[in-house]
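Dock chains B and C against the given chain A, drawing on the hints supplied.
Residue numbers (the working numbering), protein chains in the order written: chain A, 27 to 646; chain B, 60 to 512; chain C, 3 to 443.
Each hint should be verified, as a subset may be incorrect.
Unchecked claim - Computed Cβ-Cβ distance ranges for the label pairs, DEER-style:
#1 C:Ala-101 with B:Asn-179: 52 to 62 Å
#2 B:Gln-414 with A:Lys-292: 27 to 37 Å
#3 B:Leu-270 with C:His-184: 51 to 61 Å
#4 B:Leu-270 with A:Asn-263: 48 to 58 Å
#5 B:Ser-420 with A:Glu-97: 41 to 51 Å
#6 C:Ala-101 with A:Arg-101: 52 to 62 Å
Claimed, not checked - Computed from the model, here is a short list of chain C residues facing chain B with C-beta under 8 Å:
#7 Glu-116
#8 Asn-117
#9 Ala-120
#10 Val-122
#11 Val-136
#12 Arg-169
#13 Lys-202
#14 Thr-204
#15 Pro-216
#16 Trp-217
#17 Pro-218
#18 Phe-318
#19 Asp-337
#20 Leu-342
#21 Val-346
No lab work stands behind these hints, which were simulated from the structure alone. None of the values given here were measured: they were computed from a predicted structure. Beta carbons are placed, not taken as given, at the ideal position from N, Cα and C, and that holds for glycine.
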Amino acid sequence: MSFRRKLLLLFALTVAVSVAAVAWLVSAMTRRAFQLTNDQRTAALVTQFQRQFAQQGDEIARRVELIAGSEPISRMAAAVERSPGDLGGYFDMTRSLAEGYRLDFLEFVDSKGTIISSAQWPAKFGYPESAFANFSAWANQPAFLKHEELQDSAALGLFAVRTARVGEHPLYVIGGRRLDKSFLSALDLPADIRALLYQNRGDHFSPEWVIDPTANSTIVRLPEKLAPLIDAVRQENREMSVVVHWTGNKADDELFHAFPLRGADKDRAVLAILLVANSRRGWVELERRIRDSAMLVGGGGILLAVILGSWAAARVTRPVEQLAMAAQDVAGGNWNARVEVSGHDEVAQLADSFNRMTAELLTQKERLVQAERVAAWRELARRLAHELKNPLFPLQLTVENLLRARQSGPQQFEEIFNESSTTLLAEISNLKTIVSRFSEFSKMPQPQMESVQINDLVRGVAQLFQAQFEAPGRPAIQCKLELANGIEPIAADPQLLHRALSNLVLNAMDAMPQGGALTLRTLRRYDKVAIEIADTGSGLTREECERIFTPYYTSKQHGTGLGLAIVQSVVSDHGGTISVSSEPGRGTTFVIELLMGKEKLQTIAAKDSPAKVSASGGLG
Amino acid sequence: MRRFVWLWLAISSLVGAQCALSETRPQYGGTLHVSLHAAPGSLDPASATDSFELRNLTSLLFETMVETDDAGRLRPGLSSSWQSGSNQRRWQFRLRRGIKFHDGTLLTAEGAAAALRAANPAWRVLSEADQVIIELDAPNATFPAELALRRHAIVKRNSDGSLAGTGPFHISDWQPGKKLSLAAEESYWRGRPFVDAIEIELGKNTHDQQLAFELGRAQLIDVPAEQVHRDAMAGYHAISSQPIELLALVFTREAQSPEEKALREALALSIERSSIRNVLLQGTGQPTASILPNWMNGYGFVFPTDANLSAARHAREQVRATPAWTISYDAGDGLSRLIAERVTLNARDAELNLQPTSNSSADVRLARIPLTSDARSALVEVARAADLPMPKIASDSADDLYTAESAMLSSRRLIPLFHLPVNYACAATVKACQVSSSGAWNLQNVWLGPPKP
Amino acid sequence: MRSAVYNSAIPKVINPAAGMASGVRLLTFFLFVLALPLCVHAADWNAPEQQLAHKIVAITGPGAIAVTIDNRSTLGQREVEIVSNGLRAALEATGIRSATPEQAVATVAISLSENPRAYVWVAEIHQGSAAPVVVMISAVRPEGTTLAHDSVPLMLRKTAVWSQQDRILDVLALDDAPTPAHIAVLSAENISLYRMQNAKWTLEESLAIVHARPWPRDLRGRLFSAKDHLLDAYLPGMICHATASAPLALNCRESDDPWPLAPISLTSSAPPSFGTSSAAQSAVMSTSAFFASSRNFFTGALAPSVGKFSTVAKFFSSAAISREKYVLWLFASVDGQVHLVDGVTDQAARLNWGSDIASVKTGCGAGWQVLATSSDTQNGDQVRAFEFPDRDPVPVSAAMDFPGEITALWTESKGDTAIAVVQNRESGEYEAVRLAVACNQ
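So here's chain A without its partners, still in its complex pose (with noise of 0.2 Å):
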């Protein structure tokens, strides 16, 4: 990854996280106030249902009281009191009045407690009213919840009792309104929040007993989620709230909040749970807006920091890139490379640096390629010096030995001048090889590239060594190709890869003077081609293995420490590398990389069809 790259991600990444991180901060921010202003908001929207309960209650004890004062009332009253037996006329007196009054529930009940009239179950007259044991401590007191028994079903409602009494005998009026959902929708409640009730009849939850005045609306809210509030309110007998979520839709939430309302008698049960609920989607709206608009400022912020960033990141990689290419071209051996200062930044600085660096470095490469030639020279004169010290020894031996000889007879003289003649022209000869050697080395010829098959050329020299590995007299070596399948063609000149190959095994036949196993193998690596030649000789080390490639160095007692110099050269001249690897008395791998080389091969192919073609053109 570039570097610039790397600046520009380094950037964005920076930009994008504080971004978020300052968006999640002020979105928890606004969302913790505007929780807190909602708690607020819905704690008075409870206290004004509550309130307007309250009224409801006072509302309904009010027309109660004008009931009980009515003139009929009165009149009935003063019936009551004359003849307590005969009420029938009165029987549905309380349904027109409930109508007029807009009461659900009333009843007339006689100081002993008999029903005279009652609007919610007009057949009960004559019947004893259980639900109160003693009227005159309920008369006057603020509206309870009550459950009145109906005809086929009951029924909870808020009740007022009072009293009309115009003699010795008092006349009970009650009267009530019905929870149900005229009564819930009456209430005056904000657009967002609406009233439930459920009454609480029997042991488990059931939805029947929910009273929903909105159960009409569009979004489907099936009573059984409220169940586990209710159940838990139930238990705890306590003030409850809690998130209800009807749909996959989270606008669709609604905040409950429960309260347990108990009847006025003695047990103070809970006759009815009231379960106001406010609706989320203002929030959960104001949420959204809120967390769209972040995003949207987030993602401009880091679009824009990616194109500043990217501007900059320009602005400030384009001299590294300029020093970076440079010291690329310096690493590729173009030591002439420069880069253009501009300005006094620590860039420019380092770009000047790096031009004086370079200059200082050809300055330096040419005094080392003098020095390493003088040393090449040195060393070419002590090998060459030693080289052909070694025949020349002999011959001054031999020579010495001769002119003895001349003073001895005659047959012993011939004697041991044939037998100096023969040593004579035997190291003549050695001096002979030797110089050719030289001279070999130094008339290292060009490759000369075509498309060679690496596999036939290792199989080619495993084969000529092959009588070699298994003469007689000398421990057998054994040889082993690994081969892999498919390599493709590489361009390279097959005479000096044979040769260098050729080396390379007879350096390994030497490591093994007490035999072994050596291992040619081929190998594709991505765009190169390896060449394994392991022994399991001696091995190498690890000061033999830096020095093995200098030339003239040499391990073995006649070696003229050209071979593995020859084999670097011809590989170096493919473009490819040779390493070594080697543990001593385990043996010694050398590794040939070989570009596969498909411009050259292509170069090749076009090179040779002309010729080809006139060749055959030629010979017919």
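The following block gives chains B and C in isolation, referenced to the frame of chain A:
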């Protein structure tokens, strides 16, 4: 002197005839406006539903061969005389001459026979000169009384669906269930009615009726039983028949076991008729445990009407399992609903499980069964209405009636509760406004006096 | 008018005693009224008593039985006593001994009840804890009986003459006796002649009225005695003459001839008791009026005219008061007003009278009284006598109550009494009574 005379006149008028009105002699003319609660969809007397409203409405249009008076005695109607063969299977009715249908055609024996045939396909009705001959499958001594029933009125059913009768009025406009306009039949054989026309608004609720009455838009309204005393107190001129309508609990099926009979007995014993009468009926009507009212049979008091809760519980305890009965009532009848609810409450006191419903398919229904003034016909009609076996009544002696009635009640299909009168309220301007003891209103005799000064 | 009455007293036997004007006579009449039903029925109860006793003993067998008798019918107290005694006697005759409930083997609760057609006597027999046994008998009750209401004998007196189920249009006394013994009764379909024989009315003859057209509702008609034949009957659109000699026959013809407004005796020679007579009187008194043939009123056309008035407003009835120089006619017109016509002026007054008026000429007061009906919605109609010192009526009697609506009020032929026909609300029967003004009080 003159001043003294006037003073005396004034005082004596106050003392003597405070309510004296100006008219006693019937006057012809005018339109009588009637508002009724009932909303019949058909005026055909043969239609299935029977009610006093329908009887009274159709009586203005159609007449029967034989009529019954308030004492249940047979009187000649369209037929002047009748006789039967010795086996009482063949009955001959001699038709009055010169009676015309409203469309001007003469009522002939064949016309009457055709009308009877159409309404009673089971009968074999023949005509011979001025006689209508009816041959029955079985002897029937009370056949003329049956012929006096409203559903056997002589109706000429025209091909266009219109009906023509021989009654005192003919139809001038008929909007089923809404309005009926009648015009006096000039050539009515018993004399033209006094009023020229009757406009009858149908299907009105009590409140609307009373309002119309107060405002003078209706001069005659029907008054539900529970309103009679209140209306009387409010100054209405209410007229009532004898208690002639039977309000009873009718079980839809025969009791399947002695246990079920015991439970029905318990239900009958649990009902507190007196409080229902005093309160729900506002003192109107007669509590009854007999099918026929006491005024009609003379022995109705023998059947005890008082609730006996301990006996009811005792009967109830004879049975281990209690079925949950449903009791149905006419949803449009507020009184029936209240009574059904009260009966339910009473039943609960006897630990019976009764549930009121307006659904018609109930175990018990609270039925209003209109009776006729003839006791035997009335019993037959009740049996028909309650789906009981036809009673066998040897004669119209009290003893035989009692035997038949006891047999009908012993099946426990029927628990009589009340006999209710038929009630109307007439405006002061409506003269001769009377309802017979059998609930007939006889509007042909009504005439309109001048409005109050 | 008033509401129908349930279980009302069922009317009893007619009282033919009539025409007694004095207090003594009245007392006699009341005693007769009370005694008659007892006499009539005393013998009749025997059979049903026996019948019920036998039915009871068939259940209980002879022995000690506690009997209670309860009256649920309209029988009077004395009748109940008679029946009770009869029943006990009948029971004893069957071997039943009366005992207290503690000693008795059975208790029998007898209820004397009734239905519209019969007396129903019911015995509920309780023996031990068994369910009570009910036995009953019915005793047919007489039809068409009626009981006249008491009159208040202040100045108006009424005497029952005749009653029947069918509508009475008019009653004509065919003799001059204060208590008529020979009467003709005009009904819609016939004229019936009755004669009092042995304190009972006996039907002499019933002459059918043959008419082709249907009668109008609220049919009205009049009977007048005639000089040369028995009587004339005036009906809407029809006049009938009854021959005087036997065999009696009724000749009816369709006719719209006017009806005499006053009886013949008033129009011809005045009776001696009037004292004076004048040509003017008799001329005016002979006035007739045309009756609408299909309605219930006079058309208003007079023949001859009253002074300059040949027509007056349509009216239901008329009355005439003779003055010295003229006759004051009163017409109860259809519109509810009373028109006072003296030949020169026609003065309409709203007197709150009913539509039936009639004049009677008596020896007391101003000599002439007008009887006028009025209606009481709660009870029956009333009749009161008025005099006209000038043009304003002065009531001269207390209002007399009638047990129903008065359907006819006509001056009788002698002119000193009037016949009123009332339909009894309870029995539904029509009762004809003679109204007289008692001026000797």
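Here's how the hints hold up against the structure:
1. C:Ala-101 with B:Asn-179: 52 to 62 Å: The hint (52 to 62 Å, Cβ to Cβ) holds, given that Ala-101 (chain C) and Asn-179 (chain B) are roughly 57 Å apart.
2. B:Gln-414 with A:Lys-292: 27 to 37 Å: 32 Å, holds
3. B:Leu-270 with C:His-184: 51 to 61 Å: Taking Cβ atoms as reference, Leu-270 (chain B) and His-184 (chain C) lie about 58 Å apart, which means the hint holds.
4. B:Leu-270 with A:Asn-263: 48 to 58 Å: 53 Å, holds
5. B:Ser-420 with A:Glu-97: 41 to 51 Å: Holds, since Ser-420 (chain B) and Glu-97 (chain A) (Cβ atoms, about 46 Å apart) stay within the stated range.
6. C:Ala-101 with A:Arg-101: 52 to 62 Å: Holds - the Cβ-Cβ distance for Ala-101 (chain C) and Arg-101 (chain A), about 54 Å, lies within 52 to 62 Å.
7. Glu-116: 5 Å, holds
8. Asn-117: 4 Å, holds
9. Ala-120: 7 Å, holds
10. Val-122: 3 Å, holds
11. Val-136: This hint holds: Val-136 (chain C) lies near chain B, its Cβ roughly 5 Å from the closest one there, short of 8 Å.
12. Arg-169: 11 Å, violated
13. Lys-202: Cβ of Lys-202 (chain C) sits 24 Å from chain B, so the hint is violated.
14. Thr-204: Check failed: Cβ of Thr-204 (chain C) comes no nearer than 25 Å to chain B, outside 8 Å.
15. Pro-216: This interface hint holds because 5 Å falls under the 8 Å limit.
16. Trp-217: Given a least distance of 5 Å, the restraint on Trp-217 (chain C) holds.
17. Pro-218: 5 Å, holds
18. Phe-318: Because about 4 Å separates Phe-318 (chain C) from the closest Cβ in chain B, which is inside the 8 Å limit, the hint holds.
19. Asp-337: 7 Å, holds
20. Leu-342: 15 Å, violated
21. Val-346: 21 Å, violated
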